[in-house]
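Peer 1: Kindly generate the complete structure, drawing on both the sequences and the hints.
Numbering of the sequence shown is given in the numbering used here, commencing with residue 1 and proceeding in unit increments.
Worth double-checking, as some hints may not be accurate.
Unchecked claim - Okay, derived cross-link-like pairs now, DSS-like style, lysine-lysine, Cα gap no bigger than 30 Å in a straight line:
#1 K400 with K324
#2 K446 with K324
#3 K320 with K310
#4 K320 with K796
#5 K515 with K808
#6 K556 with K324
#7 K259 with K313
#8 K393 with K310
#9 K85 with K104
#10 K113 with K130
#11 K705 with K233
#12 K342 with K393
#13 K408 with K276
#14 K386 with K428
To be verified - Label-pair ranges, simulated between beta-carbon atoms:
#15 L40 with E936: 37 to 43 Å
#16 P21 with P574: 25 to 31 Å
#17 N726 with P494: 53 to 59 Å
#18 D274 with E99: 56 to 62 Å
#19 A888 with L40: 55 to 61 Å
#20 L40 with P574: 49 to 55 Å
#21 H535 with N726: 39 to 45 Å
#22 I306 with H535: 50 to 56 Å
#23 E28 with K627: 46 to 52 Å
#24 K627 with D382: 23 to 29 Å
#25 K939 with G547: 17 to 23 Å
#26 Q527 with G547: 19 to 25 Å
#27 L554 with K446: 46 to 52 Å
Honestly, the hints are just simulated from the structure, not real lab data. None of these values were measured; they are calculated from a predicted model. Beta carbons: idealized from backbone N, C-alpha and C, even for Gly.
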Amino acid sequence: MYARVRELLTPEERLQYLQIPPNLGEWELGTYFTFTQHDLEIIQQRRRDYNRLGFAVQLCVLRYLGWTLSDVKEVPIQVLRYIAKQINADVESFASYGEREATKYEHLEEIRKEYGFQTFTLSEYRSLCKHLFNHAMANGNPLHLIQLALEELRRRKIILPSMATIERAVWETRKRTEEKIFRLLSSSLTEIQIAKLDRILTTMPESSKTYLAWLREIPGTSSPDSFLKVIEKLEYIRDLQLQVDTRGIHPNRLRQLSKIGSRYEPHSFRRFDDPKKYAILVAYLLELIQDLTDLAFEIHDRQIMILLSKGRKAQEELQKQNGKSINEKVVHFADLGAALIKARSEGVDPFVALEAVMPWDQLIESVEEAKRLARPDYDYLDLLEKKFYALRKYTPTLLKSLEFHSTKSAEPLMKAVDIIRDMNETGKRKVPEGAPLNFVSNRWQKHVYDDDGTINRHYYEMAVLTELRNYVRSGDVSIVGSRQHKDFEEYLVPKEDWNGIDPNATKLAVSLSAKNYLEERTESLLQRLHWVSEHIDELDGVNLENGKLHIERLEKDVPDESRNFSLSLYELLPRIKLTDLLMEVANWTNFHEQFIHASSNRTPNEEETTIIMATIMAMGTNIGLTKMAEATPSISYRQMANAAQWRLYEDAMNKAQAVLVNFHHMLALPSYWGDGTTSSSDGMRVQIGVSALHADSNPHYGTGKGATIYRFVSDQFSTFYTKVINTNARDAVHVIDGLLHHETDLTIEEHYTDTAGYTDQVFGLTHLLGFRFAPRLRDLADSKLYTIGKPADFPKLEKLLRGQINTKIIQENYDDVLRLAHSIREGTVSASLIMGKIGSYARQNSLATALREMGRIEKTIFILDYLSSEALRRRIHRGLNKGEAMNALARAIFFGKHGELRERALQDQLQRASALNIIINAISVWNTVYLQQASEHRKKQGKLQEDLLKHISPLGWEHINFLGEYKFNLRQNTSLNSLRPLKEQGIE
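Peer 2: Take a look at the structure:
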């Protein structure tokens with residue numbers, strides 16, 4: 001038992017570490033398998049070919065793997081040939097080298113002395129464990145730690161011991177770090193707190209539900225009642241008073257423990273010893289506090305949205321009801337006005353003229369009716385007063401339960417929040433004199449005061465709650481205990497770290513000097529402006545008339561015969577069931593090995609692999625686990641539910657997806673479609689068939705509520721990143737997340753989106769991060785171009801140049817903008833979160849303005865390039881078409897439940913979207929492999945039209961059976977006298 005628990009790898013995994021891959025790249029061959037003159041002199045001291053070749057191979061194996069030749073089962077023939085060629089030895093002679101073990105040992109000793117290699121000793125074991133300890137405190141993944149151990153020993157030129165010894169060192173280090181972390185999290189707990197933690201694992205009074213299950217429940221709707229339920233849970237956890245000092249624990253490790261804690265059921269917790277049980281519970285509850293805090297404020301955010309939406313709808317309804325009467329009053333006004341004008345010009349008594357149009361009594365009646373129809377302003381805020389009481393169902397709890405901090409600019413709002421909080425607690429009805437009002441927008445100002453000059457309590461409170469939502473969104477107000485709404489500075493790398501950074505250590509694509517940056521971008525901008533100004537009349541497909549741009553639609557550049565050529569290849573592909581396709585691709589790529597168990601860290605065995613494939617298919621086709629279990633008698637619902645819970649978590653899905661994309665990238669055929677340096681992103685809207693907090697309506701997509709699966713597609717037809725976003729969210733804020741945080745080997749340089757994926761600030765940030773952003777801009781003719789200098793310097797473009805770049809604000813805030821970009825690049829904060837804040841209502845600060853100005857430079861440069869280059873316009877068009885083709889395949893696969901998501905939690909929706917992405921990539925890989933074979937077949941027949949290969953796509957699916965297989969058994973028929981038992985009978 002003692003030895004077994006230290007085995008962290010399967011025999012297959014262990015063997016992989018001890019193998020030299022046959023397809024080594026140029027860098028590996030040059031670094032580890034190419035000899036210097038000194039090496040050759042040492043090698044040539046041996047007599048006979050097999051000794052020289054054996055010595056040379058042993059030297060290379062030590063350098064590359066770190067193990068001795070005796071530990072390695074086989075050296076690939078390609079590698080042997082490469083080594084033998086350098087020393088003029090016969091490859092066949094290597095077979096004789098292993099006949100005398102003593103010779104291997106003698107050579108190893110010579111290499112050790114000559115090249116400074118050391119033997120692994122007990123001292124080195126202790127040193128390795130010490131080295132791994134700090135890394136294990138941050139990340140306890142055993143594969144990660146094994147890799148670190150191997151790299152450290154190789155770096156120090158220590159001959160690697162057996163893999164079992166490495167595993168034992170990692171196992172013991174993980175055990176020590178876990179014990180330390182468990183101790184840090186549980187040692188400060190009091191007996192009362194321990195009793196309360198134990199209670200969480202018990203069932204609630206008069207219920208079969210445990211407190212833990214109750215805490216995990218997610219509200220399906222945004223309502224005052226949902227808010228109060230979230231706060232009830234938040235207060236329940238706060239009552240534990242978990243004042244745990246987590247400074248000694250790396251945030252990554254806390255998140256890892258929390259994620260595991262979110263998966264364990266109460267019976268699992270009860271099996272652990274106390275330190276582990278309480279530590280994981282505490283880590284989970286500390287994260288849950290942040291989640292519940294964010295959830296509470298999100299419900300408030302949506303309640304304000306609902307409030308304003310109801311006001312708009314009430315106004316529209318009022319307009320419909322009163323439309324006829326209002327039109328009558330307009331007609332009366334026109335007639336009466338015309339009569340007055342005529343009376344004045346003819347010198348007639350105006351009252352006589354008016355009565356000729358409308359009797360005086362009727363005129364008085366019409367005026368009174370007009371007063372009733374008249375609104376104080378053409379706005380809907382005057383219709384909201386009755387909605388105040390709906391907000392009051394939860395807003396006193398909001399202000400009491402959440403603690404807000406603010407920047408200096410938001411202090412008046414914070415004083416107003418304190419005033420309302422005090423009024424709630426004391427029962428006062430009137431807003432006190434001197435209450436701050438300078439945060440109230442002009443829209444609300446008109447309603448905040450009553451006719452007698454006093455402050456209207458209802459409107460004042462609604463204005464405060466609305467502005468609070470806006471200020472939190474923008475980052476001017478933070479919420480204590482929140483993850484999404486922290487203080488703005490907390491999202492960025494500390495100023496001290498940024499100020500002390502080595503200029504070469506940043507991964508930014510621009511100079512750290514504002515002067516150098518502005519000189520370079522000014523030169524680029526003016527150079528393009530001059531060129532376009534001089535050649536505007538010669539540009540293909542571009543016309544400039546009366547200051548208006550007109551760009552002709554691109555002509556089709558896909559040959560007509562390409563469709564028939566594509567069909568001729570696809571007709572060669574064998575028909576296949578989706579189940580078999582997934583298993584074949586898994587066999588080729590081993591993508592299933594990324595689904596490592598979140599708790600045991602074990603890779604799946606054969607039986608578990610089939611369960612994982614069934615679960616991916618159930619989720620990716622959207623038929624669900626229940627239907628899949630009915631269709632696969634050998635796999636149960638519980639087995640798939642367990643796989644979904646413990647193996648198909650976000651990190652594992654991303655890694656599996658990366659394996660598929662990387663495998664596809666290495667195939668020969670995708671190079672005809674692109675080199676993997678360009679990509680596009682587009683959203684696929686899906687209906688949500690249950691009550692879900694994140695589901696929203698969008699008239700553009702018809703009726704019903706839904707969400708958007710936002711997918712990134714490479715130029716090689718692989719999808720390398722996906723996320724589920726609000727269907728009304730602007731795509732632009734999510735673009736950079738996908739470009740930075742995919743885990744594939746693709747090096748994206750240029751990215752395409754539709755208009756919804758663009759803002760000035762995204763243009764600026766993508767340039768700083770080293771990407772070329774190229775959206776397809778709708779209404780390009782109305783786009784505003786900017787210059788640095790005088791528009792008059794470019795007379796032909798002067799009417800297009802409607803703005804000046806504010807270089808002063810860029811210069812003043814350049815360092816802060818770079819610090820922001822560096823924070824995003826290093827993963828301190830996600831681009832979507834911080835860009836959402838920068839682009840929000842209240843934050844009109846200098847940093848946001850500077851980034852906007854930098855973006856305007858990049859947008860203008862891009863538009864000038866777009867006008868100048870038909871090739872760029874075609875690249876964008878092709879890139880976006882690939883995304884649309886991917887969405888068509890996705891909809892064909894995602895056929896279950898009418899293509900609707902039935903999951904409430906965003907994380908569960910993302911799991912379905914990721915499973916769908918894995919199936920898409922598996923189909924792309926399978927089709928590409930077989931299309932490659934089909935191309936070779938056509939080539940042998942002399943029928944291959946190679947110039948048309950770039951026009952085919954690996955996204956065809958007519959030959960793939962998504963629906964499964966049905967079997968009809970005549971022997972299992974029933975008669976009217978021997979019907980199948982009913983469920984109750986079957987149970988008995």
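Peer 1: In this structure, is the beta-carbon distance linking Q527 and G547 contained in 19 to 25 Å?
Peer 2: Hint holds: Cβ distance 22 Å, inside 19 to 25 Å.
Peer 1: Would you mind confirming whether the straight-line C-alpha gap from K320 to K310 stays at or under 30 Å?
Peer 2: 15 Å, holds
Peer 1: The hint says 53 to 59 Å between N726 and P494; measuring C-beta to C-beta, is that right?
Peer 2: For P494 against N726, whose Cβ atoms are near 31 Å apart, the range 53 to 59 Å is violated.
Peer 1: Are the Cα positions of K386 and K428 separated by 30 Å at most?
Peer 2: 20 Å, holds
Peer 1: Please check whether L40 and E936 have a Cβ separation lying inside 37 to 43 Å.
Peer 2: Distance hint for L40, E936 holds at roughly 41 Å.
Peer 1: Between the alpha carbons of K400 and K324, is the straight-line distance 30 Å or under?
Peer 2: Judged against 30 Å, a Cα distance of about 47 Å means the pair is violated.
Peer 1: Given the hint that K85 pairs with K104, does the C-alpha gap stay at or below 30 Å?
Peer 2: 21 Å, holds
Peer 1: May I ask you to test the hint 49 to 55 Å on the CB atoms belonging to L40 and P574?
Peer 2: 51 Å, holds
Peer 1: Is K556 close enough to K324, meaning Cα to Cα at most 30 Å?
Peer 2: 51 Å, violated
Peer 1: Mind checking the alpha carbons of K113 and K130 for me, to see if they're no more than 30 Å apart?
Peer 2: The hint holds at about 26 Å.
Peer 1: K446 and K324 were given as a pair; does the straight-line alpha-carbon distance stay at or below 30 Å?
Peer 2: With a Cα-Cα distance of about 28 Å, the restraint between K446 and K324 holds, given a limit of 30 Å.
Peer 1: Quick check: does the Cβ-Cβ distance between L554 and K446 fall within 46 to 52 Å?
Peer 2: With a Cβ separation near 50 Å, L554 and K446 satisfy 46 to 52 Å, so the hint holds.
Checked against the numbered hints listed earlier, the structure breaks hints 1, 4, 6, 7, 12, 13, 17, 24, 25; every other hint is satisfied.
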